[in-house]
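**Q** Sequence:
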Amino acid sequence: MKKDKSAIIFAILAFTIWGLFPFYFKSINHFSSLEITAYRIVWSFLTLFFFLVFKIKILEVARAIFFDGHMYKLLISTVLIAVNWFLFVYAIEQNKILQTSFGYFISPLLSILLGVFILKEKISRMKIVASILLVISIGIQSFSYDQLPWISLVIAITFSLYGLTRKYIPIGSVDCVTFETFVLFIPSFIILFKLESSGSGHYLVASGIDHLLIACSGILTITPMILFTAAAKRLPISNLGFIQFIAPSLQFIIGAFYYNEIMDSTKWISFIIIWFACLLVAIDGIRMNNTSEDLI
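For what it's worth, the working numbering labels the leading residue of the sequence shown as 30, then goes sequentially.
To be clear, the hints were calculated from the coordinates, so they are not data collected in a lab.
Be careful, since some hints might not be right.
What the hints assert, rightly or not - In silico DMTMM-like pairs for lysine to aspartate or glutamate, Cα to Cα no more than 25 Å straight-line: (1) Lys55 - Glu122; (2) Lys196 - Asp293; (3) Lys125 - Asp293; (4) Lys196 - Asp175; (5) Lys55 - Asp313; (6) Lys102 - Asp175; (7) Lys125 - Asp175; (8) Lys55 - Glu225; (9) Lys151 - Asp313; (10) Lys125 - Asp239; (11) Lys296 - Glu122; (12) Lys196 - Glu150; (13) Lys55 - Asp293; (14) Lys149 - Glu290; (15) Lys34 - Asp313; (16) Lys55 - Asp239; (17) Lys223 - Asp293; (18) Lys296 - Asp175; (19) Lys125 - Asp313.
Taking the hints into account, I'd like the entire structure generated from these sequences.
**A** Here is the structure:
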């Protein structure tokens with residue numbers, strides 16, 4: 030696959046936006062994490078729906094989903110992304126941005142293990158070392174928190190399984206998320222209605238700026254997804270290997286240095302280990318890609 034400078038820019042922009050998400054969700058954290066996730070789903074679906082209507086693709090997407098036998102797989106991916114989105118917002122609300130960063134650092138390593146045990150993919154020595162380092166890093170994090178870093182693990186597991194499920198669904202990323210948000214749209218709308226009618230919601234008493242920020246949740250969710258999809262079609266996967274670590278790196282910087290979340294020595298050690306493991310995986314991906322290009 031030929032390298033494309035515009036595709037690299039698209040990928041960098043996508044992961045940078047994802048990495049800066051903590052700033053956005055912090056700005057509206059007077060809403061509950063359940064509210065924010067529900068609004069994100071509602072506005073994402075509306076944004077995607079009009080995007081597909083504009084591209085005259087809505088009937089094509091409906092046919093692929095409802096008549097090509099992908100429904101149950103899409104329902105699984107829907108549950109996984111809903112849990113992932115909610116927990117990400119919840120972690121930011123609870124001042125645990127570092128746990129989201131750690132989760133998205135270990136997600137690519139968990140994806141490797143899923144590839145080995147479920148897809149029966151071969152694993153290189155570098156990836157074996159990286160997997161061992163992953164276990165060590167999780168153990169150190171557990172020692173630091175006096176318990177398993179469950180937020181990091183659930184974020185990593187749901188995102189990795191989401192990626193695995195997508196391998197079995199031959200439908201575009203944007204099309205898939207349209208279905209996922211469509212399934213979640215009605216439950217989310219009901220949740221928001223009940224919260225507002227019971228006086229537990231915040232939208233009716235929020236400021237105009239809050240209304241604007243909430244309305245932007247859809248476009249902020251969809252934009253990096255479209256950028257990433259465009260980049261992934263034009264770039265070798267090894268190039269994305271390095272770029273994908275922009276997001277958790279920015280989350281780490283934001284959590285540790287802007288919001289001053291506690292970083293003791295054990296957390297530093299665990300992050301250094303996981304960074305080294307991710308570096309091994311990225312280098313191994315480039316090496317494998319160069320080898321395959323030499324054989325062509």
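**Q** The structure should be examined with respect to each hint, and the outcome stated for every one.
**A** Verification of the supplied hints:
Note on lysine 55 and glutamate 122: the hinted pairing holds, with a Cα-Cα distance of about 7 Å set against a maximum of 25 Å. Between lysine 196 and aspartate 293 the alpha-carbon distance is near 38 Å, which puts this suggested pair outside the 25 Å criterion. Restraint check for lysine 125 and aspartate 293: satisfied, since their Cα atoms lie roughly 14 Å apart, inside the 25 Å limit. As the CA atoms of lysine 196 and aspartate 175 are separated by approximately 36 Å, the hinted pair breaks the 25 Å bound.
The suggested pairing of lysine 55 with aspartate 313 is violated, with an alpha-carbon distance near 36 Å, which exceeds 25 Å. Using a Cα cut-off of 25 Å, the hinted pair lysine 102 and aspartate 175 is violated, with the two alpha carbons roughly 36 Å apart. For the suggested pair lysine 125 and aspartate 175, the alpha carbons sit about 15 Å apart, so the restraint of at most 25 Å is met. The straight-line distance between the Cα atoms of lysine 55 and glutamate 225 is roughly 21 Å, inside the 25 Å bound, and the hint therefore holds.
The suggested pairing of lysine 151 with aspartate 313 holds, with an alpha-carbon distance near 13 Å, which does not exceed 25 Å. Under the criterion of a C-alpha separation no larger than 25 Å, the hint pairing lysine 125 with aspartate 239 is consistent with the structure, at around 23 Å. For a cut-off of 25 Å, the pair hint linking lysine 296 to glutamate 122 stands: about 20 Å separates their Cα positions. Proposed proximity of lysine 196 and glutamate 150 is supported: the alpha carbons are some 13 Å apart, at most 25 Å.
For the suggested pair lysine 55 and aspartate 293, the alpha carbons sit about 23 Å apart, so the restraint of at most 25 Å is met. With a C-alpha separation of about 39 Å, the suggested pair lysine 149 and glutamate 290 falls outside the 25 Å cut-off, and the hint is violated. A threshold of 25 Å between alpha carbons decides the hint, and for lysine 34 with aspartate 313 the separation of about 22 Å falls inside it, so the pair holds. Between lysine 55 and aspartate 239 the alpha-carbon distance is near 12 Å, which keeps this suggested pair within the 25 Å criterion.
With a CA separation close to 42 Å, the supplied pair lysine 223 and aspartate 293 exceeds the 25 Å bound. Restraint check for lysine 296 and aspartate 175: the C-alpha separation of about 12 Å stays at or below 25 Å, so the hint holds. Between lysine 125 and aspartate 313 the CA atoms are separated by roughly 31 Å; this puts the pair beyond 25 Å, and the hint is violated.
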